[in-house]
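S.K.: Chain A is already provided as a structure; the job is to place chain B on it using the hints.
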Amino acid sequence: EAQVTQNPRYLITVTGKKLTVTCSQNMNHEYMSWYRQDPGLGLRQIYYSMNVEVTDKGDVPEGYKVSRKEKRNFPLILESPSPNQTSLYFCASSLVTSGMGEQFFGPGTRLTVL
Amino acid sequence: GESVGLHLPTLSVQEGDNSIINCAYSNSASDYFIWYKQESGKGPQFIIDIRSNMDKRQGQRVTVLLNKTVKHLSLQIAATQPGDSAVYFCALTGGGNKLTFGTGTQLKVEL
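Sequence order for the protein chains is A and B. Take the first sequence: its position 24, counted from the start at 1, is 24 in this note's numbering, and no numbers get skipped. Take the second sequence: its position 3, counted from the start at 1, is 3 in this note's numbering, and no numbers get skipped.
Bound conformation, chain A alone (with noise of 0.2 Å):
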């Protein structure tokens, strides 16, 4: 089946405590992404990537860091969490190379940051 992964999906943390939140997709595809999304904010891009080894900052990527070893892993790692990062995270795909076209989110994780 052809999905977008990730885990944890609930995850609950102290201040500083570096945490990684890994994702997958299937797809083959080749343009990966990470969003927050809060209360009356809506998603907001956090990191994307083009490519392997090509990754680029979205509208709110302090705290956050991503690599883009293998096509198919995309992980967000927060070296030290802040209780303002506490959020739902959703991981995306999509074959197009860029912003465009249909991406597929995986089931999110949520976060909380004490």
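Mixed in with the good hints, there may be bad ones.
[Stated by the list, open to error] For the chain A half of the interface with chain B, some residues (derived, Cβ under 10 Å), not all of them: (1) Y35; (2) D59; (3) Y64; (4) C91; (5) E102; (6) G106.
Treat the hints as calculated values from the structure; they're not laboratory data. Quick reminder that beta carbons are idealized off the backbone N, C-alpha and C, glycines included.
M.R.: For chain B alone, coordinates are given in the frame of chain A:
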């Protein structure tokens, strides 16, 4: 930066009626527009898209209208059904590879 706003945070319609969800944007360089539907507890799902060289595009029960003069985008859903209840987001690219989303409209379908 780009700003995208929806006109109403909540829209209630009767089952069988047509729904119209509106979206306004600020960047005249925006060249690609897309609508997503998000059901409770799930990630967004693609509905329909349109490029700036078009002003109308139709899908199954959905139509997207683009008015570049007033920077306005709308999604029309014909014969709205209970399964259409969700949050609807418009999104657009401003000539690059970033996708900017609006804040969403909650569509409630009343039986």
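S.K.: Looking at the structure, which of the earlier hints fail to hold?
M.R.: 3
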